[in-house]
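Visitor: The chain contents come next:
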Amino acid sequence: MKHAHIPGVLMALAASVAMIGCGKKEEPKAAAPAPAPAAAPAPAPKPEVVVKIGHVAPLTGPIAHLGKDNENGARLAVDDANAKKLEIDGKIVKFELLGEDDQADPKTGTVVAQKLVDAKVAGVVGHLNSGTTIPASAIYNQAGLPQISPSATNPKYTQQGFNTTFRVMANDIQQGSVVGTYAVKDMGAKKVAIIDDRTAYGQGLADEVEKAAKAAGATIVAREFTTDKATDFKAILTKIKAKNPDVIFLGGMDAVGGPMLKQIKELGIKAKFTTGDGGCSPELIKLAGAASEGVICTQAGLPVDKLPNGQKFVEDFTKKYGQIQIYSPYSYDAVMVLVDAMKRANSVDPVKYLPEVGKTAYDGVTGKIEFDDKGDIKNGAITVFVIQDGKLVTLKSEGGTAAAAPEAKK
Amino acid sequence: MAGAIPSVWPCPPSSFGFPDQSPVFGQQLHESDTLVRPKRFVAESLTMDTLLQQLVNGLTLGAVYALVALGYTMVYGIIGLINFAHGEVVMIGTMVAFTVIVSLAGSGMPPLLILTIGLLIAVVACMVLGWGLERVAYRPLRHAPRLTPLITAIGMSIVLQNVAMIIWGRNYITFPPMIDKRIYEVGGASFTNVQVAIVVLAALVMIGLTYLVQRTRMGMAMRATAQNQHVALLMGVDIDRVIAMAFIIGSALGALAGCMVGSYYEIAHYQMGFMLGLKAFTAAVLGGIGNMAGAMAGGLLLGIIEALGAGYIGDLTGNFLGSHYQDIFAFMVLIIVLMFRPSGLFGERTGDRA
Numbered sequence: 161m162k163h164a165h166i167p168g169v170l171m172a173l174a175a176s177v178a179m180i181g182c183g184k185k186e187e188p189k190a191a192a193p194a195p196a197p198a199a200a201p202a203p204a205p206k207p208e209v210v211v212k213i214g215h216v217a218p219l220t221g222p223i224a225h226l227g228k229d230n231e232n233g234a235r236l237a238v239d240d241a242n243a244k245k246l247e248i249d250g251k252i253v254k255f256e257l258l259g260e261d262d263q264a265d266p267k268t269g270t271v272v273a274q275k276l277v278d279a280k281v282a283g284v285v286g287h288l289n290s291g292t293t294i295p296a297s298a299i300y301n302q303a304g305l306p307q308i309s310p311s312a313t314n315p316k317y318t319q320q321g322f323n324t325t326f327r328v329m330a331n332d333i334q335q336g337s338v339v340g341t342y343a344v345k346d347m348g349a350k351k352v353a354i355i356d357d358r359t360a361y362g363q364g365l366a367d368e369v370e371k372a373a374k375a376a377g378a379t380i381v382a383r384e385f386t387t388d389k390a391t392d393f394k395a396i397l398t399k400i401k402a403k404n405p406d407v408i409f410l411g412g413m414d415a416v417g418g419p420m421l422k423q424i425k426e427l428g429i430k431a432k433f434t435t436g437d438g439g440c441s442p443e444l445i446k447l448a449g450a451a452s453e454g455v456i457c458t459q460a461g462l463p464v465d466k467l468p469n470g471q472k473f474v475e476d477f478t479k480k481y482g483q484i485q486i487y488s489p490y491s492y493d494a495v496m497v498l499v500d501a502m503k504r505a506n507s508v509d510p511v512k513y514l515p516e517v518g519k520t521a522y523d524g525v526t527g528k529i530e531f532d533d534k535g536d537i538k539n540g541a542i543t544v545f546v547i548q549d550g551k552l553v554t555l556k557s558e559g560g561t562a563a564a565a566p567e568a569k570k
Numbered sequence: 069m070a071g072a073i074p075s076v077w078p079c080p081p082s083s084f085g086f087p088d089q090s091p092v093f094g095q096q097l098h099e100s101d102t103l104v105r106p107k108r109f110v111a112e113s114l115t116m117d118t119l120l121q122q123l124v125n126g127l128t129l130g131a132v133y134a135l136v137a138l139g140y141t142m143v144y145g146i147i148g149l150i151n152f153a154h155g156e157v158v159m160i161g162t163m164v165a166f167t168v169i170v171s172l173a174g175s176g177m178p179p180l181l182i183l184t185i186g187l188l189i190a191v192v193a194c195m196v197l198g199w200g201l202e203r204v205a206y207r208p209l210r211h212a213p214r215l216t217p218l219i220t221a222i223g224m225s226i227v228l229q230n231v232a233m234i235i236w237g238r239n240y241i242t243f244p245p246m247i248d249k250r251i252y253e254v255g256g257a258s259f260t261n262v263q264v265a266i267v268v269l270a271a272l273v274m275i276g277l278t279y280l281v282q283r284t285r286m287g288m289a290m291r292a293t294a295q296n297q298h299v300a301l302l303m304g305v306d307i308d309r310v311i312a313m314a315f316i317i318g319s320a321l322g323a324l325a326g327c328m329v330g331s332y333y334e335i336a337h338y339q340m341g342f343m344l345g346l347k348a349f350t351a352a353v354l355g356g357i358g359n360m361a362g363a364m365a366g367g368l369l370l371g372i373i374e375a376l377g378a379g380y381i382g383d384l385t386g387n388f389l390g391s392h393y394q395d396i397f398a399f400m401v402l403i404i405v406l407m408f409r410p411s412g413l414f415g416e417r418t419g420d421r422a
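So the sequences go chain by chain: D and P.
Just so you know, the working numbering puts 369 at position 209 of the first sequence, and the rest follows in order with no gaps.
Just so you know, the working numbering puts 170 at position 102 of the second sequence, and the rest follows in order with no gaps.
It is possible that some hints are incorrect.
Short derived list, chain D residues pointing at chain P, Cβ under 8 Å [to be verified]:
#1 T220
#2 A224
#3 T391
#4 A402
#5 D406
#6 P419
#7 P442
#8 K446
#9 A450
#10 K480
#11 Y481
#12 I484
Hints were generated in silico from the structure; no laboratory data involved.
Just so we're clear, the structure is a prediction, and the values are computed from it rather than from any experiment.
Where a beta carbon is used, it is the ideal one built from N, C-alpha and C, also for glycine.
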């Protein structure tokens with residue numbers, strides 16, 4: 161079951177297993193203050209300690225709106241955590257969010273990662289894109305910093321053998337299998353055309369969809385490519401039109417999906433359009449307008465209105481920042497998981513609280529968060545949406561510990 | 069294909085014991101197979117309507133490239149400068165048109181009028197911008213070594229991009245669709261009224277420009293300056309004015325192209341000018357930079373090559389190269405053309421310049 165990588169990893173795993181063993185005894189003690197963290201402040205003024213948490217997402221470029229969404233989620237979490245006046249190791253903790261912009265560019269991603277390490281952050285929430293998260297994770301790992309991504313769904317992120325990588329939503333193996341199977345089983349697709357934007361996310365997800373659609377009995381009639389900055393897709397769409405597919409899947413972001421949908425309509429292509437979480441946003445509806453009607457898309461996680469503890473989050477977030485795009489509830493939870501681990505370890509030192517992150521059992525706004533031995537969330541849910549009357553409407557949600565485990569072995 | 073052939077055989081290929089070689093036997097044994105193969109290939113991707121559709125896609129793209137390429141080639145033809153900021157002029161044109169259209173959208177004017185006003189203001193704004201660029205960035209360097217104004221041009225390009233980012237923000241802007249898009253279908257190829265407008269407008273502008281350069285006094289002065297600045301000066305041509313004019317006209321064409329791109333894709337972004345400029349520059353070189361007919365032909369050709377490249381490269385290489393190689397395909401054609409005709413397709417005249 162466990163992945164054997166390099167001896168170092170094995171040791172780290174062994175160490176964490178050992179720690180789970182002895183941590184069990186302490187847990188009740190450490191977890192006890194968790195439900196009632198806002199214990200009455202002591203009469204004497206306690207010393208304050210500032211803890212910096214890094215957050216990275218693209219704040220410029222085509223998907224800046226998604227980056228801002230993630231950052232606002234993290235910001236709300238930091239504000240909420242500060243309002244509780246947490247006490248760790250005898251000091252009142254004041255959390256501070258250091259927001260960085262990686263421009264969705266892997267090179268910039270590693271530069272800002274180093275910047276955060278140098279700024280001595282205690283942990284990192286991010287990055288947004290898989291393509292930036294994966295190279296940056298090596299830098300955080302070297303520095304021993306826990307990193308929780310609220311939106312990087314590429315499976316490779318947690319398969320590198322790092323003990324510092326975590327994610328709070330399902331990965332693309334699960335997502336690809338849901339959307340690929342849905343296209344064939346529920347939408348009745350026999351011929352599927354797949355386009356991806358050649359990023360780690362788009363390509364990774366498209367590969368998984370291809371596998372799942374094939375496994376469900378469909379043929380892949382076209383596999384076309386574009387870039388995450390392109391606006392003209394007519395040539396590849398014309399080619400796809402000639403193959404007459406029932407369903408087109410795009411592995412890419414909403415900034416690509418928007419204009420693509422319009423061009424699909426202009427070319428008179430009848431195929432239904434599906435995409436993954438990168439295109440499953442209100443922004444897609446804005447960019448594509450009426451052409452977005454009937455689009456089927458998935459998000460890794462439950463729909464906002466079905467989040468177990470989401471009501472208050474949705475209210476707070478919309479009041480402060482406006483519409484939720486996709487992953488702000490997850491970046492909120494990612495921050496809270498870090499805070500929770502610090503509380504249980506009674507330390508803000510990454511060396512001390514990192515082992516606690518792996519043992520997380522936190523009830524977040526997105527649901528129960530527990531990590532497997534790689535840092536992937538256990539029982540991550542995938543939700544299928546349809547765009548109707550300019551709104552994302554939930555079709556169904558699938559949680560899948562049982563389904564995910566054997567697939568993740570690959 | 070290899071899987072399909074054995075099924076028509078009288079005996080299964082496994083009976084040969086050499087399944088790898090069986091397709092070869094198959095071709096030798098059954099003539100009909102060789103006939104079936106190309107037919108199937110044609111049926112999938114080389115049908116007439118697909119080809120026609122790709123040509124329509126390429127023509128629209130090419131018309132835009134051609135207009136932008138004219139801006140490069142006019143300036144190059146006259147002062148031998150590659151104005152790398154031209155792509156940004158196009159982008160500013162799109163953005164200005166966008167701002168005007170959005171601010172007029174609620175005024176109750178007919179959409180076509182709003183679009184025309186937006187277009188006109190964008191054209192005027194870009195003319196001023198082109199004139200200003202020449203005045204500020206290039207005129208002081210006219211007698212400097214050739215590399216100096218080239219670097220200035222790249223600098224201006226970066227400056228304009230950042231100014232646009234400050235003014236219009238970093239996100240994609242949805243260009244308001246002012247014309248109700250109507251989709252026509254002819255011979256299996258579908259196209260919209262916007263595409264028709266783009267191609268017709270581009271053709272009209274190119275005819276007008278040819279008339280201007282070939283038949284008017286200003287055009288004559290331009291041609292004279294292009295041939296020899298010093299002699300033109302001696303003949304009483306105000307070459308400062310002619311050069312400024314080349315920038316102004318080129319920028320006006322750029323603004324027009326920008327509005328076309330905006331209403332075609334209904335999307336605008338502060339970095340959109342960079343790749344568009346690069347492609348148009350390629351088109352100008354392909355046609356023979358400095359030659360106006362060359363820029364038009366080069367633009368159309370490049371648009372069509374791109375569309376066909378993306379559409380057929382996968383089939384032609386047995387999916388070894390996919391559609392993500394479409395840009396490489398376009399640039400490869402450029403290299404091949406330049407290998408055999410170093411001055412471009414129509415570029416005979418530029419040989420004696422420089």
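Visitor: Now tell me, hint by hint, if it's right for this structure.
Guide: Verification of the hints:
1. At a threshold of 8 Å, the smallest CB-CB gap from T220 (chain D) to chain P is about 4 Å, leaving the interface hint in force.
2. With its C-beta approaching chain P no nearer than about 5 Å, A224 (chain D) sits inside the 8 Å limit, and its interface hint holds.
3. Interface restraint check for T391 (chain D): the shortest CB-CB distance to chain P comes to about 5 Å, inside 8 Å, so the restraint holds.
4. The beta carbon of A402 (chain D) is positioned within 8 Å of a beta carbon in chain P (closest approach about 4 Å), and the interface hint is therefore held.
5. Given the 8 Å rule on beta carbons, the hint for D406 (chain D) is violated: about 16 Å separates it from the nearest Cβ of chain P.
6. Taken as an interface hint, P419 (chain D) checks out: its beta carbon lies about 5 Å from the nearest beta carbon of chain P, inside 8 Å.
7. Residue-level restraint check for P442 (chain D) is violated (minimum Cβ-Cβ distance to chain P is 13 Å; threshold 8 Å).
8. Because the beta carbon of K446 (chain D) sits about 6 Å from the nearest beta carbon in chain P, less than 8 Å, this interface hint is met.
9. Interface restraint check for A450 (chain D): the shortest CB-CB distance to chain P comes to about 10 Å, outside 8 Å, so the restraint is violated.
10. A distance limit of 8 Å between C-beta atoms decides the matter here; for K480 (chain D) the minimum to chain P is near 20 Å, and the interface restraint is violated.
11. With a least beta-carbon distance of about 15 Å to chain P, the hint placing Y481 (chain D) at the interface is violated under the 8 Å criterion.
12. Given hint, I484 (chain D) at the interface with chain P, is violated; its Cβ is 17 Å from that chain's nearest Cβ, farther than 8 Å.
Violated hints for the displayed structure, listed by number in ascending order: 5, 7, 9, 10, 11 and 12.
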